[in-house]
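Given chain A's structure and the hints, the job is docking chain B onto it.
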Amino acid sequence: MKEYTYFPGCSSSAEGGARAFTSSLEAVARVLDITLKELPDWNCCGSTPTGSVDELGAFCLAARNLALAEKLGPEMVTPCSACYVVFNHTNDYLKRYPDLKGRVGEALAAGGLTYEKGVKVRHVLEVFVQDIGEEAIRAKVVKSLTGLKVAPYYGCQIVRPGFGFDHPEAPTALERLITSLGAEPTDFPLKTRCCGGSLIIPEEDIALDLMRRLLESAARGGAECLVTVCPLCQTNLDAYQGMVNRKFRTEFRMPVLFFTQLMGLAFGLGEKELGLDRCVVPPGRVLAART
Amino acid sequence: MGATVAGSKGFVGEICGLPGGEAILTCVQCGTCTGACPNADRMDYTPSQIIAMVRAGLKEEVLASRAIWYCLSCYLCTVRCPRGVSQTRLMHALGYLAMKEGLASRQTATPAMYRVFSHYARAGSLPELWFMLRFYLKTNPLRALHLIPVAWGLLRRGRLSLRTRRLSPAARKQLDSILQKAIAIRGKE
Numbered sequence: 001m002k003e004y005t006y007f008p009g010c011s012s013s014a015e016g017g018a019r020a021f022t023s024s025l026e027a028v029a030r031v032l033d034i035t036l037k038e039l040p041d042w043n044c045c046g047s048t049p050t051g052s053v054d055e056l057g058a059f060c061l062a063a064r065n066l067a068l069a070e071k072l073g074p075e076m077v078t079p080c081s082a083c084y085v086v087f088n089h090t091n092d093y094l095k096r097y098p099d100l101k102g103r104v105g106e107a108l109a110a111g112g113l114t115y116e117k118g119v120k121v122r123h124v125l126e127v128f129v130q131d132i133g134e135e136a137i138r139a140k141v142v143k144s145l146t147g148l149k150v151a152p153y154y155g156c157q158i159v160r161p162g163f164g165f166d167h168p169e170a171p172t173a174l175e176r177l178i179t180s181l182g183a184e185p186t187d188f189p190l191k192t193r194c195c196g197g198s199l200i201i202p203e204e205d206i207a208l209d210l211m212r213r214l215l216e217s218a219a220r221g222g223a224e225c226l227v228t229v230c231p232l233c234q235t236n237l238d239a240y241q242g243m244v245n246r247k248f249r250t251e252f253r254m255p256v257l258f259f260t261q262l263m264g265l266a267f268g269l270g271e272k273e274l275g276l277d278r279c280v281v282p283p284g285r286v287l288a289a290r291t
Numbered sequence: 001m002g003a004t005v006a007g008s009k010g011f012v013g014e015i016c017g018l019p020g021g022e023a024i025l026t027c028v029q030c031g032t033c034t035g036a037c038p039n040a041d042r043m044d045y046t047p048s049q050i051i052a053m054v055r056a057g058l059k060e061e062v063l064a065s066r067a068i069w070y071c072l073s074c075y076l077c078t079v080r081c082p083r084g085v086s087q088t089r090l091m092h093a094l095g096y097l098a099m100k101e102g103l104a105s106r107q108t109a110t111p112a113m114y115r116v117f118s119h120y121a122r123a124g125s126l127p128e129l130w131f132m133l134r135f136y137l138k139t140n141p142l143r144a145l146h147l148i149p150v151a152w153g154l155l156r157r158g159r160l161s162l163r164t165r166r167l168s169p170a171a172r173k174q175l176d177s178i179l180q181k182a183i184a185i186r187g188k189e
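Residue numbers (this note's numbering), protein chains in the order written: chain A, 1 to 291; chain B, 1 to 189.
So here's chain A without its partners, still in its complex pose:
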């Protein structure tokens, strides 16, 4: 049995809009004999916006979590691309800028914490393909998704700026995972392009246009559904798909699943357990593909 410290992040937490990511992940982890222990009393990583408001404060938000995780072990995993990039960025900068490390250390000390040894923060997908491996995943498939055409969507921050996991523009981990479930990864040229991220809130037109391009690219490749590795990408492409259709007079009906939900289906787990009832675009044709 493998055990990991788990950082869900706000959107994949029990109160968040992407709670199905964590619930499907936990269900799949049980099958693969992985235990995820949630970091007790974690706080928001700060994400990208906080750094522009209070730079030092943002590093401290991330560093408090890293300091707490350090007491539990050398690694922490997260399902969120934004958390993943923030923690790795913080680690990188604390190492490169001793002056920054000193200031962050001083602030942490005010809370009775230290961060010295360092914690490697990894994305859940990275753990699945590197620690568990495709063979072990394939061995757990009881309902092969044969013939299901799946667009592998990475988004940006899991591969860029790049913290050692896969290629920044031409990654293949998701394709390998999809293949091991019996499904077929489709050609998806925009697979590492941006979904608009949090600009969907202040600059909606920009984000909707980026989403339209992604959905078009996925549809052109013949995808019947799209899988994501990030709670924000899922929320954007799923919840705002109707708005894309209204704005651009398109007719996309592309189910957007977390890759863990696709794994769960192939493992024979229940739709409810996997949180598939939380998809805004109904995933009917994905469910029908199970054999």
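Treat the hints as calculated values from the structure; they're not laboratory data.
Everything numeric in this text was worked out from a predicted model, so none of it was measured.
Here a beta-carbon is modelled for each residue, glycine too, at the ideal position from N, C-alpha and C.
Any given hint could turn out to be false.
Claimed, not checked - To be clear about the criterion: a stretch of chain A counts as covered by chain B if any three or more of its residues have a C-beta under 8 Å from a C-beta of chain B, and this derived list gives those stretches: (1) 95 to 103; (2) 200 to 209; (3) 278 to 290.
Frame of chain A, contents of chain B only:
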């Protein structure tokens, strides 16, 4: 571009003093970042122009630009830059300076969103529903109306929680102490 404001002479130095900022000195103005950026065509200045302007000391123009708030943080410019400049990090650093100097553009709602986001992040957790409501109340409440179909889609799937995740009182106190200390350290600089 207008005349530079007083005190902008040291702008390059100021940027180089920020973690990650020093890399702008190596930029050769090849334009790769602009070519990579999915949003460059909507910016008032392209990413490579922003770097050139920083190096020319055009502090006010850079900090008041919309461009820095149109960065998606997708890091495509960063991985393609042949000189190792992290244009993304530079945009973040410029955003921070723009906020600090009170120059953040009012032609985009991104700074307001960032402030509301930061408010909740500092409290320990981001409640999506309240975050959205607060943002629209602070910017344009009427714009929230056309989001009703999106909100309804999420609500009926149980994805918009009224509950806010709360840290334990001890953790909250610890986080507050750390952030207060950070403010004090920053004040000394």
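Results of checking the hints against the structure:
1. 95 to 103: Result for this restraint: holds, n = 4.
2. 200 to 209: holds (count 4)
3. 278 to 290: Since 3 is at least three, the answer is holds.
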